[in-house]
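Could you build the full structure based on these sequences and the hints that come with them?
Heads up: the sequence lines are chains A and B, in that order.
Residues 1 to 446 (this note's numbering) make up the first sequence, in order.
Residues 1 to 357 (this note's numbering) make up the second sequence, in order.
Hints were generated in silico from the structure; no laboratory data involved.
Heads up, the beta-carbon is just placed ideally off N, CA and C, and yes, glycines get one too.
Errors might be hidden in some of the hints.
So, partial list: chain B residues that the calculated Cβ filter (under 8 Å) puts toward chain A [unchecked claim]:
1) S199
2) C306
3) N308
Listed here are the chains, written in short residue letters.
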Amino acid sequence: MKHIVIVGNGIAGITAARHIRKLSDYKITVISSESKYFFSRTALMYVYMGQMKYEHIKPYEDWFWEKNRIELKYDKVESINIQRKNLQLTKELLQYDKLILATGSNYNTLPNINPEIKGVQGLYHLQDLEKLEENTKNINKAVIVGGGLIGVELAEMLISRNIEVTFLIRENTFWGNVLPIEEANIVTQHLKKMGIGVLINTELKEIYTSINQRVVSILTSKEEKIACEFVGLTIGVSPNIDLVKNTSIESQKGILVNEYLETNEPDIYAIGDCVEHKNPLSGRKAIEQIWYSGKLMGETVAKSICGSPTKYKPDIFYNSAKFFEIEYQVYGKITQNLSANEQTFYWKNTENNKCLRINYEAESNSIIGIHALGIRLRQAICEKWIRDKCTIQYVLEHLEEANFNPEFSKPFINAMLEKYNQEYPENPILIKKKKSITNLISKIFN
Amino acid sequence: MNNNYIFQNPATNRGWLGMLIGSLLIIFYILLYWFPTSIQWLISLTDPISLFIKGKVADQWFFYGFIYTIAILGMGIRMISKYRHNNYQKVRTISVMFFQTCFAFLIPELLARLNLPYQDFKNIFPLDYAFFFDYNIEKKIAAGTIGYFMLAWGVFLFVVGVPVMTYFFGKRWYCSWVCGCGGLAETVGDPFRQLSDKSLKAWKIERYSIYGILAFSLIMTGGVLYTFFTKESKLFGIIDTNFIRYIYGFLIGSIFAGVVGTGFYPLMGNRVWCRFGCPLAAYLGIVQRYKSRYRISVNAGQCISCGNCSTFCEMGIDVRAYAQKGQDIVRASCVGCGICSEVCPRGVLNLENISSK
Numbered sequence: 001m002k003h004i005v006i007v008g009n010g011i012a013g014i015t016a017a018r019h020i021r022k023l024s025d026y027k028i029t030v031i032s033s034e035s036k037y038f039f040s041r042t043a044l045m046y047v048y049m050g051q052m053k054y055e056h057i058k059p060y061e062d063w064f065w066e067k068n069r070i071e072l073k074y075d076k077v078e079s080i081n082i083q084r085k086n087l088q089l090t091k092e093l094l095q096y097d098k099l100i101l102a103t104g105s106n107y108n109t110l111p112n113i114n115p116e117i118k119g120v121q122g123l124y125h126l127q128d129l130e131k132l133e134e135n136t137k138n139i140n141k142a143v144i145v146g147g148g149l150i151g152v153e154l155a156e157m158l159i160s161r162n163i164e165v166t167f168l169i170r171e172n173t174f175w176g177n178v179l180p181i182e183e184a185n186i187v188t189q190h191l192k193k194m195g196i197g198v199l200i201n202t203e204l205k206e207i208y209t210s211i212n213q214r215v216v217s218i219l220t221s222k223e224e225k226i227a228c229e230f231v232g233l234t235i236g237v238s239p240n241i242d243l244v245k246n247t248s249i250e251s252q253k254g255i256l257v258n259e260y261l262e263t264n265e266p267d268i269y270a271i272g273d274c275v276e277h278k279n280p281l282s283g284r285k286a287i288e289q290i291w292y293s294g295k296l297m298g299e300t301v302a303k304s305i306c307g308s309p310t311k312y313k314p315d316i317f318y319n320s321a322k323f324f325e326i327e328y329q330v331y332g333k334i335t336q337n338l339s340a341n342e343q344t345f346y347w348k349n350t351e352n353n354k355c356l357r358i359n360y361e362a363e364s365n366s367i368i369g370i371h372a373l374g375i376r377l378r379q380a381i382c383e384k385w386i387r388d389k390c391t392i393q394y395v396l397e398h399l400e401e402a403n404f405n406p407e408f409s410k411p412f413i414n415a416m417l418e419k420y421n422q423e424y425p426e427n428p429i430l431i432k433k434k435k436s437i438t439n440l441i442s443k444i445f446n
Numbered sequence: 001m002n003n004n005y006i007f008q009n010p011a012t013n014r015g016w017l018g019m020l021i022g023s024l025l026i027i028f029y030i031l032l033y034w035f036p037t038s039i040q041w042l043i044s045l046t047d048p049i050s051l052f053i054k055g056k057v058a059d060q061w062f063f064y065g066f067i068y069t070i071a072i073l074g075m076g077i078r079m080i081s082k083y084r085h086n087n088y089q090k091v092r093t094i095s096v097m098f099f100q101t102c103f104a105f106l107i108p109e110l111l112a113r114l115n116l117p118y119q120d121f122k123n124i125f126p127l128d129y130a131f132f133f134d135y136n137i138e139k140k141i142a143a144g145t146i147g148y149f150m151l152a153w154g155v156f157l158f159v160v161g162v163p164v165m166t167y168f169f170g171k172r173w174y175c176s177w178v179c180g181c182g183g184l185a186e187t188v189g190d191p192f193r194q195l196s197d198k199s200l201k202a203w204k205i206e207r208y209s210i211y212g213i214l215a216f217s218l219i220m221t222g223g224v225l226y227t228f229f230t231k232e233s234k235l236f237g238i239i240d241t242n243f244i245r246y247i248y249g250f251l252i253g254s255i256f257a258g259v260v261g262t263g264f265y266p267l268m269g270n271r272v273w274c275r276f277g278c279p280l281a282a283y284l285g286i287v288q289r290y291k292s293r294y295r296i297s298v299n300a301g302q303c304i305s306c307g308n309c310s311t312f313c314e315m316g317i318d319v320r321a322y323a324q325k326g327q328d329i330v331r332a333s334c335v336g337c338g339i340c341s342e343v344c345p346r347g348v349l350n351l352e353n354i355s356s357k
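See the structure below:
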């Protein structure tokens with residue numbers, strides 16, 4: 001019986017293991033030095049905030065693995081012997097037939113900052129959370145460097161403990177290299193409303209420490225000194241390629257794979273955050289450290305290993321996040337600045353932080369991307385519209401079909417259509433009046 | 001809305017304060033049900049209100065109904081405030097507050113004042129397990145037209161109301177919008193919802209327990225009606241129907257629904273009775289599982305497996321297990337409280353009534 005060994009028990013590795021089990025009877029071993037059981041990395045913040053305990057962020061009960069004959073090893077892989085097809089763990093040698101590397105990422109640090117300073121850290125691993133508990137005990141002031149998704153989560157975590165937070169953001173606005181200016185402004189304003197000090201166009205220049213090597217203050221690139229007891233580094237993450245360095249497995253920033261997720265060495269695959277695609281599909285990044293991508297790579301590699309070689313072909317791009325209370329969804333392609341042949345329709349509800357953006361091609365009017373803040377949209381419908389190249393008019397007329405807001409939510413679509421009709425009076429969209437009683441009854445009984 | 005540090009709070013993490021609250025509730029129920037004279041001084045405090053509403057001094061049941069209603073109203077306001085940006089939560093909470101105040105409390109007391117039979121028009125057999133008891137039937141027959149109407153209304157709700165409403169809206173139309181037990185669970189019990197057990201084992205126990213009690217309630221009622229019509233007190237000549245009735249009332253009606261149902265909020269979450277015991281919930285659940293438009297829709301591949309939905313599901317449904325597979329949730333036990341959708345950080349879940357899928 002073939003032995004499949006997976007290094008890493010994050011979403012990519014575990015998805016691969018589960019799907020290989022569904023498709024085959026192979027022996028499966030998953031190795032992780034981070035935790036014995038799979039947990040949801042994206043939920044670490046909720047454990048810190050006391051909304052959940054660690055046991056709640058494990059998506060499967062502990063008996064699940066044995067029942068599904070997936071062996072878990074809480075151990076560290078020291079090295080790979082590619083010729084002999086084995087892994088050196090701390091105390092044993094493990095033979096494999098196929099190897100899947102799903103080693104995830106490490107958080108980035110700054111070259112000018114000594115990582116040994118106490119009170120300076122990023123957030124990615126379970127161990128980082130434990131360290132964060134210690135580093136933020138009884139502190140009052142923190143600085144977070146880098147305005148991105150993990151940064152805003154870290155800010156929310158610290159704010160929940162009444163720690164004063166100052167954000168250093170390199171760009172003009174929060175997540176300014178991804179979000180168009182309007183959305184970025186909404187989020188930035190919201191951060192300020194939450195009591196966070198937001199310093200734009202600012203980077204970290206230096207950290208000052210006490211005699212016992214603990215942070216006492218920092219100096220920004222604008223020569224401003226800020227007193228703080230903690231510095232959060234959230235300037236992105238990079239593929240964890242420690243294991244393949246000094247081996248014949250090719251890597252650049254990440255472990256290089258072809259469209260079948262194969263590395264250059266036979267029977268060795270790589271999936272998830274640690275991957276760098278040699279030939280990324282058009283419109284996709286070579287390194288895409290997203291939960292959803294990791295999951296899809298896990299599913300894909302399972303098929304290939306179980307006898308039906310399958311190319312990694314992500315469908316329409318999507319992602320989601322949450323900035324304090326503001327939920328965010330993106331479907332398709334929305335860039336920070338429009339390219340020449342693109343048009344945008346943007347609507348914002350002024351009273352609360354809701355907005356919707358639809359980008360479309362200027363000539364054909366077919367939509368290419370949708371952005372929503374504070375509005376829940378139905379993924380399947382949005383993707384269908386983008387795939388089928390529906391026109392902006394069609395999408396707006398049928399927008400109700402994509403509305404995934406909870407029942408009794410305040411309607412927003414008519415206000416949006418009115419704005420569209422004002423902007424484009426030559427091609428107005430028929431606005432359906434409020435539902436009458438008969439409409440409602442016929443809806444119930446249809 | 002946030003649930004920050006709910007697992008660090010001794011009241012809501014099965015800590016000492018939760019244990020204390022639970023113990024006090026259990027003692028309260030035992031005194032109320034079996035030793036009301038020992039709390040007569042408490043009961044008498046509600047005399048002025050009782051005199052005003054029904055023209056008599058308060059008895060233990062008036063007292064209980066009064067504080068039950070006050071608890072739902074008070075904690076209902078907290079609920080509305082906590083979930084103030086979510087209209088579904090607001091409407092639903094106002095609904096349970098209304099039904100408790102008018103249907104469970106005021107109307108029955110006013111009926112008593114008018115010398116008419118007691119009836120909570122929103123209570124449904126077999127949760128209302130005494131509905132077919134001889135003395136209740138006789139009182140209603142004696143009351144004439146209005147009594148017949150009460151009997152017909154009760155039977156209509158059970159036979160037509162439950163299946164039709166549940167087909168269109170799921171069991172939530174009752175369990176989290178109308179029901180008194182549900183009303184208490186959704187308001188007073190809201191701080192404890194995260195304490196329900198989500199394990200597969202708990203689900204197995206739940207199924208035996210709730211359908212067992214449904215069967216028990218139906219057998220008990222069958223026996224009671226048999227005795228009512230035949231005047232024969234023994235079923236098959238051996239089992240005394242009065243005895244089964246007594247046992248059901250004591251074990252299920254008082255101990256399970258009351259003492260455990262509420263007293264265990266801080267220990268096993270706010271829906272212990274609804275999940276493991278309520279025979280009406282079992283009946284509604286069967287309709288919901290097999291013939292209903294209601295479901296919790298899952299937004300394709302958006303789940304990040306964080307576990308908020310499962311953690312805050314008061315019915316102990318492992319919502320995440322479905323959400324992370326992209327599979328809609330159709331479960332007999334779901335009461336449609338909508339909190340999974342509310343706590344989901346990625347907008348993955350939505351309560352919907354869909355005609356076909």
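Here is what the structure says about each hint:
1. S199: 6 Å, holds
2. C306: 4 Å, holds
3. N308: Hint on B:N308: holds, closest Cβ of chain A at ~7 Å, below 8 Å.
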